[in-house]
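Residue numbers (the working numbering), protein chains in the order written: chain A, 1386 to 1678; chain B, 35 to 197.
These are computed hints drawn from the structure, not numbers from a lab.
Only a predicted model underlies this, so the values are computations on that prediction, with no experimental measurement involved.
Some clues are possibly wrong.
What the hints assert, rightly or not - Straight-line distance between alpha carbons at most 27 Å, and here's what the computed DSSO-like set of lysine-lysine pairs gives:
1. B:K110 <-> A:K1646
2. A:K1570 <-> A:K1657
3. B:K165 <-> A:K1427
Chain by chain, the residues run as shown.
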Amino acid sequence: MADENSENSRFNLLPEGCIANIISFTSPKDACTAAAVSVGLKSAAESDTVWERFLPPDYVEIVSGSSSPVAAYSTKKELFFSLCDSPLLVDGGKLSLRLDKSTGKKCYMLCSRQFQIAWGDNLMYWTWSSLPDSRFAEVAELQSVFWLGMRAIFQAELLSPNTNYAAYLVFKLMEDHEGLDCPSKASIKFVREKNGSVIEKVDKTISNVYIVPRVMGRRRRIRRTRGGLPGTTPNDRVSRVRSDGWLEIELGDFFICEGDKFDIQIDVSETKHLNWKRGLIIEGIELRPKEVS
Amino acid sequence: MAAETGTPTTLTLKSNDDELFSVAESAAILSVTIRNMVEDGCAGGVIPLDNVDGKTLASVITYMNGISAIPADEEKKKSYRDKFLSDKDFETLADMVLAANYLNMSCLMDAVSAKIAQVMEKKSVGWVRRKFGIENDYTPEEEAAVKEEHKWTFEGVETDDDN
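Here chain B stands alone, though its shape is the one from the complex (with noise of 0.2 Å):
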């Protein structure tokens, strides 16, 4: 585990598109994946994240070092969440749920996750598929059928054309 005393031990993370970066162990290990490899002596050298490009994996260690600053104080935490997020457009926001479910960082996924949900409450059906470019692959009376069970969701929802 992270060092105690004396100098703080660095890891050298690359992401997909070859760029190195520096990290603490100490903030790095919120990764569950890089802390296995760690406990299992593999983080020696450069450990590669195959799955994450350059730009996220940035996002992440900001979000890395910023979040293992903060003592145990949920709330001071809460906040440096919602900070980080709060300038962070829709693409960004994916790559990233993406990088924590790769890197194993709940509380990343959560908080980014709860950001997305926000997005999506109490929205319409139609609304949902226009603003994540979902295609609607239900047949006329499948779809009918999903709605049917769930009728009193769709009450007092007025049109599929709102924003």
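Extracted from the complex, chain A is given alone in its bound form (with noise of 0.2 Å):
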């Protein structure tokens, strides 16, 4: 297609219904761009033809099975934005959901009460408590094992299609963190059940989580960037901090297409060194689209 602008002054020519239309099939990303181009460009993308297309197609059961309060919104915009930024809860305060604001996807992060936890039911190696800063209503603390497991179990239907989704474990370390500085493994599988039995589809991600950074010894200070220490593989990772304060570790990564239907199992163990491991708090597995932080 010829750049030459006189000839495509035509867009000039279109009703603003039309324009919203066409910004609705680009991205909430790109519809922030196209207000700042005019004026009349902004009343188009900010119109709830827009937003509405933006915002997933389940919104409306979303926003009224939520367990969490939604802000009062006047435009679909208003409710897209507040659902990026507060996340609600759903499933009985199971799962927490929120957009992602750069292409409107779902995210979803399940509470550790609802992990399988090796050891998991004695007090003596996991407690659960509630934290003022976690958006559940309790979490998971390692006292102390020698043999960490955790599972996750997520269902492929509740995510957004043709979506390359990575998983996140989402934790803090208490003051006296021990032990944590082995490698974990972390491993995704997508799992169906076919006439009763169960086919396991093991997906390509295994990888080596560095909840505690190894290097680092006992000075725990918390590495923010991936990758990179010595000795290490570029399936190697390691913790960063989110911006509400919870560190987190990437677990693997995987594509969802439309109409998939299985149960997408996140493991992460460290069953090989055997040491004593204590002070983990874990909040939850966040699932959001990959590239985007």
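The two chains are supplied separately, each in an independent frame; assemble them into the complex guided by the hints.
Following this line, the structure appears as structure tokens:
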């Protein structure tokens, strides 16, 4: 297409409704860019036509089924950004949901209370506490184990289709944490049931995660970068600080297609070194589109 | 509605520059505007379409015939739409948006809009202004305020002078 400006000024002849329809096929980020182009484009870019399309198709059910209060809104754009900025508790508080503001895709966090945790039913090893800075009622606190194993299961149909998701363990360390600097294994599997028997489709994602970076030893400083530690491979991951103050570590990524129906089974374990480990607080595991912070 | 058997009903459409086009009623009623006229019994003679020129109407009729010949198969319809739009320049696309709007043809409207939207994706403010010939009618203060509202959008966008 030739780049001849005068010819393209035909865009200015389009009624606002048509321009809004065009913008609704871009992305939330592109719509915000369009709003800065001109006064006329701003009016189109902020219309409900546009933001209705950026909201998930089931947003009405999501909002009405949530146990969190949703801030009052007068436009779909306001609702969109309120769902980006304030996660909603859904499914009886087991999950939290927010939207990714660049793409409008769904980001879910499963609360650690819903994990299957090895030794998780014995208070000598794991306890449950409520923290003021957690979105969930309770979070898991590791008192002491040598066998670290946890599993979270998400249903693929909850997620936005045609999206590359990454999974993140969201956690904190207690002052007296110990033994968490040996690599844990993270794996992501797709599991489906057919005729009563379980078929596992192992995804390629298996990585080493360093809940506490090994070279930091006792200094307990948290590295903000990923990879790059001596002797680590590109599949090795270290933690970084989130905007909500918790730490996170990437566990792997996977692609969700339209109509996918299976369980996404995410495991984090350290069962090789079997040293004593303590002082880990786990809020949950978050799934969100990759390449987005 | 369209005749089920026998000779298909043909409609005559007239563009605003007085070109006449014959089109099967079964294809033409993809336009809700035309369908309403047919249902109201106003489609007997020549149907004047005052907001569409002959060149655009010819394109729209090609689309009507092409898409209505495809049975209910979304994949095939989509690939027909992609192919149909692949060689259209921006001027033609904008004219087709206006025509689809006037004729109330949502499937054409959405396909053309999505095609134009592709051009806008991941572009800077300056790029969109230049590409679409849009005049910046903001005062510098207003523009700064709009950008401030969604600062995150503009982070990482290096310059406004790229293509």
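Open item on the list: For a quick check of understanding: which of the numbered hints are violated here, in increasing order?
Closed with: Structure breaks no hint.
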